[in-house]
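Using the sequences provided together with the hints, build the complete structure.
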Amino acid sequence: MKRELKTGFMLMALITGAILIQSCKKKQIRQESVLDNISYIEDSIYLQIDSLPSLCDELGMKGQMIDIGDCKLYCEVEGKGMPLVLVNGGPGGTHHYFHPWFNRAAKFMQIIYYDQRGCGQSEYVAGDGYTFRQAIDDLDKLRIKLGIEQWTVCGYSYGGALAQYYTAIYPEHVAGLVLMSASALLHNDAIYPSREMQFISEDEKQRIREIYALYNEDKINMIQAIYNKDINGDWKRQNFYKPSKEEVIRTALYEWIHDTNFNSVMGASYSKYDFRHVFDNNPIPTLICEGKWDLTWSAEKAAVFKENHPNAQFVLFEKSGHNTYREEPDLFFSTLKNFVDSLKPVANEKIDAWKTQAMQIIAPQEELFNREAQFFTLIKKEGADKAYKQYRTFKKNNIDKQMFSESGMNNLGYDYLYANDYEQAVKLFQMNADAYPESSNVYDSLGEAYLKANDKKRAKEFYVKSLELDPNNENAKKILSNL
Numbered sequence: 002m003k004r005e006l007k008t009g010f011m012l013m014a015l016i017t018g019a020i021l022i023q024s025c026k027k028k029q030i031r032q033e034s035v036l037d038n039i040s041y042i043e044d045s046i047y048l049q050i051d052s053l054p055s056l057c058d059e060l061g062m063k064g065q066m067i068d069i070g071d072c073k074l075y076c077e078v079e080g081k082g083m084p085l086v087l088v089n090g091g092p093g094g095t096h097h098y099f100h101p102w103f104n105r106a107a108k109f110m111q112i113i114y115y116d117q118r119g120c121g122q123s124e125y126v127a128g129d130g131y132t133f134r135q136a137i138d139d140l141d142k143l144r145i146k147l148g149i150e151q152w153t154v155c156g157y158s159y160g161g162a163l164a165q166y167y168t169a170i171y172p173e174h175v176a177g178l179v180l181m182s183a184s185a186l187l188h189n190d191a192i193y194p195s196r197e198m199q200f201i202s203e204d205e206k207q208r209i210r211e212i213y214a215l216y217n218e219d220k221i222n223m224i225q226a227i228y229n230k231d232i233n234g235d236w237k238r239q240n241f242y243k244p245s246k247e248e249v250i251r252t253a254l255y256e257w258i259h260d261t262n263f264n265s266v267m268g269a270s271y272s273k274y275d276f277r278h279v280f281d282n283n284p285i286p287t288l289i290c291e292g293k294w295d296l297t298w299s300a301e302k303a304a305v306f307k308e309n310h311p312n313a314q315f316v317l318f319e320k321s322g323h324n325t326y327r328e329e330p331d332l333f334f335s336t337l338k339n340f341v342d343s344l345k346p347v348a349n350e351k352i353d354a355w356k357t358q359a360m361q362i363i364a365p366q367e368e369l370f371n372r373e374a375q376f377f378t379l380i381k382k383e384g385a386d387k388a389y390k391q392y393r394t395f396k397k398n399n400i401d402k403q404m405f406s407e408s409g410m411n412n413l414g415y416d417y418l419y420a421n422d423y424e425q426a427v428k429l430f431q432m433n434a435d436a437y438p439e440s441s442n443v444y445d446s447l448g449e450a451y452l453k454a455n456d457k458k459r460a461k462e463f464y465v466k467s468l469e470l471d472p473n474n475e476n477a478k479k480i481l482s483n484l
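Just so we're aligned, residue 2 is where the sequence shown starts under our numbering, counting upward by one.
Among the clues, some could well be false.
Claimed, not checked - Capping the alpha-carbon separation at 27 Å, the derived lysine-lysine pairs in DSSO-like fashion look like this:
| # | residue 1 | residue 2 |
| --- | --- | --- |
| 1 | 356 | 345 |
| 2 | 478 | 428 |
| 3 | 478 | 458 |
As the list claims (entries may be wrong) - Cβ-Cβ distance ranges computed for the label pairs, FRET-style:
| # | residue 1 | residue 2 | range |
| --- | --- | --- | --- |
| 4 | 371 | 101 | 50 to 58 Å |
| 5 | 479 | 420 | 19 to 27 Å |
| 6 | 371 | 173 | 22 to 30 Å |
| 7 | 439 | 195 | 23 to 31 Å |
| 8 | 473 | 71 | 22 to 30 Å |
| 9 | 478 | 206 | 23 to 31 Å |
| 10 | 54 | 368 | 27 to 35 Å |
| 11 | 350 | 125 | 37 to 45 Å |
| 12 | 387 | 195 | 47 to 55 Å |
Think of the hints as simulated: they come from the structure by calculation, not from any bench. Remember, predicted model here, so these are calculated numbers, not experimental data. Glycine included, each C-beta is placed from N, C-alpha and C at the ideal position.
Printed below as a string of structure tokens:
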């Protein structure tokens, strides 16, 4: 009897020990992060991608098309309480990547998901052309159609730029502003360069280049390109933790859908704006969430961005990349709840005073970019020579104004340069140099255009000029040494 009892205790001890060992093993298992520096290359390029339902379907979300006048926007709503609208990034992303995470927030507020015009399941109606201003006006039309007087606006990445612009134009309808890994809307060199390739190995970089080459040669489609590059290390660009296979598949299938050229058009539209000092006296409660390992920008970006929002609450997520709400959800959603619970009405007098100050910075930029759009249309229809005559007439009558932005004309010049229309490119870059003679970059671009046109003498002249204005221009130094 005693012997059997002893054997029973020994067996129980062995079972208990085995359970503890398994438990310890489970605790030791952790998700791979960029800091592990693991390089992995797949044996082949996958053309067959597994099919998975969208999380909208899996979660039973009921979408609706909201008619905002000249376009219908896809929209989903869940939860009750203070409305919070989620503005996705890109340009060209969709609302899908907010699922299933913001289901947690739907327990303490109403969550509004939508796809921007030209993206996801919304209509692709460009109107006079996709613009940054059009996107925020669309958002306010959506608010009106949903019967909402005030909401919290939550912008992610490029959507953070939209959220900032929307808040400055429509502050009376914003109860709170949440910025998640937001585009800064600042022309500040300290924000750049990007660190996205910091943890990607040389082998992975080579494989990613091969994948892009296959896509550019129409040998694989966008979905195949996204899936293959992410499983070959490209996930490290914006994630701290390695996403699961299912997450990669859904990213490829549902999270990068937009009209042709939408990304480049909207990218050019919003990147010209500079919101320095716009938020100096902003009375709208603001929450900024930044990931310590967000490699989209330089390590200084978070501090620079915080400085431009002096009245904001700032939270740095120590184990997050570009996706704070997904990589540290417990901290993010508890922070969001505390922020929403703390919101109080802002006096109309304060809102009106700030809006007036903000528009003193924003309105001249809007005027310039509207004028620029009309001028660029003239260039495309009539050519650079006729446009240059109009430019000279304008400058004669408007000494203190510009017809176009430096970056806008530079981008247009490169459109012609990449199309091998060197003559037009040279004329456009020259016009930019006339308008912005103190810029090193305009002469660098002009030198490049002459070099492409095989006029090395003129190319050298303008690279020298660029270097005189910016002695740290390494590109000019390299070109001149070769010349």
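Against the structure, the hints come out as follows:
1. 356 / 345: holds (19 Å)
2. 478 / 428: holds (24 Å)
3. 478 / 458: With a Cα-Cα distance of about 16 Å, the restraint between residue 478 and residue 458 holds, given a limit of 27 Å.
4. 371 / 101: 50 to 58 Å: The hinted range 50 to 58 Å is violated for residue 371 and residue 101, with Cβ atoms some 41 Å apart.
5. 479 / 420: 19 to 27 Å: holds (25 Å)
6. 371 / 173: 22 to 30 Å: holds (24 Å)
7. 439 / 195: 23 to 31 Å: holds (26 Å)
8. 473 / 71: 22 to 30 Å: Between residue 473 and residue 71, where Cβ atoms are some 47 Å apart, the hint is violated.
9. 478 / 206: 23 to 31 Å: holds (25 Å)
10. 54 / 368: 27 to 35 Å: Check failed, 47 Å falls outside 27 to 35 Å.
11. 350 / 125: 37 to 45 Å: For residue 350 and residue 125 the Cβ distance comes to about 42 Å; the hint holds.
12. 387 / 195: 47 to 55 Å: Given about 39 Å between the Cβ atoms, the range is violated.
Of the numbered hints given earlier, the model fails hints 4, 8, 10, 12; all others are met.
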